[in-house]
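J.: Sequence:
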Amino acid sequence: MGKLLYSVAMSLDGFIAGPGGDMSWLAEHLAPNPVIDELIGEVGALLVGNRTFRGSDPYEGMEGEGEAFGGGWSGPEFVLTHNPPATPVPGVTFVTGFDEAVALAREAARDKYVNVLGADIARQCVEADVLDEVLVSVAPVMLGDGVRLFDRQGGAPVPLERLSQSEMPHPTTIWLRVVR
1 MGKLLYSVAM SLDGFIAGPG GDMSWLAEHL APNPVIDELI GEVGALLVGN
51 RTFRGSDPYE GMEGEGEAFG GGWSGPEFVL THNPPATPVP GVTFVTGFDE
101 AVALAREAAR DKYVNVLGAD IARQCVEADV LDEVLVSVAP VMLGDGVRLF
151 DRQGGAPVPL ERLSQSEMPH PTTIWLRVVR
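The sequence shown runs 1 to 180 under full-length UniProt numbering.
You can trust all of the hints, since none of them are fake.
Simulated DEER-style distance windows between Cβ atoms: (1) L163 - E127: 18 to 28 angstroms; (2) S74 - P32: 17 to 27 angstroms; (3) A156 - P32: 34 to 44 angstroms; (4) G61 - G154: 33 to 43 angstroms; (5) T87 - G154: 37 to 47 angstroms; (6) A27 - R148: 18 to 28 angstroms; (7) F98 - E28: 26 to 36 angstroms; (8) T87 - R180: 34 to 44 angstroms; (9) E67 - T87: 10 to 20 angstroms; (10) Q165 - D129: 23 to 33 angstroms; (11) D120 - S24: 16 to 26 angstroms.
These aren't lab readings, by the way, just hints derived from the structure by calculation. Glycine included, C-beta positions come from ideal geometry on N, C-alpha and C.
Kindly produce the complete structure, drawing on both the sequences and the hints.
T.: Given below as structure tokens:
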């Protein structure tokens with residue numbers, strides 16, 4: 001079954017989205033990144049939080065708007081939500097239970113990654129001890145406010161082991177494994 005990987009772009013001060021979930025800040029940092037480009041082929045399914053699914057798109061007004069990785073990836077998407085839409089969305093399965101969403105995404109991914117998208121769903125994965133890896137691309141900007149990479153008030157430390165790190169000319173990208 002697929003490993004769960006939280007992949008995300010983050011500002012230097014630790015935010016993955018601006019105030020209100022705004023992702024427009026990321027548009028200017030969407031230059032090609034060989035690590036991310038390689039990852040796309042290793043993703044078998046997406047596990048997406050509701051706010052991320054319904055939220056701001058960094059590709060707004062650009063080719064690939066509304067599509068995972070700006071249209072670079074297609075496949076099964078599982079959105080964890082308490083309020084599934086009345087009208088089906090092609091290629092998207094809405095799931096109301098966390099455990100069921102993880103199981104369905106892992107099954108769909110087979111031996112590839114389940115790419116976790118959204119801070120809250122990533123937090124839930126950490127708390128359920130099902131997150132396997134974290135891939136963070138650090139953008140050269142400080143947002144000052146917004147949605148944090150991880151927000152676990154009172155949470156216990158989560159030990160991580162660095163698997164790789166890439167540097168310039170692309171954003172610094174750090175790949176970590178959750179140590180169990």
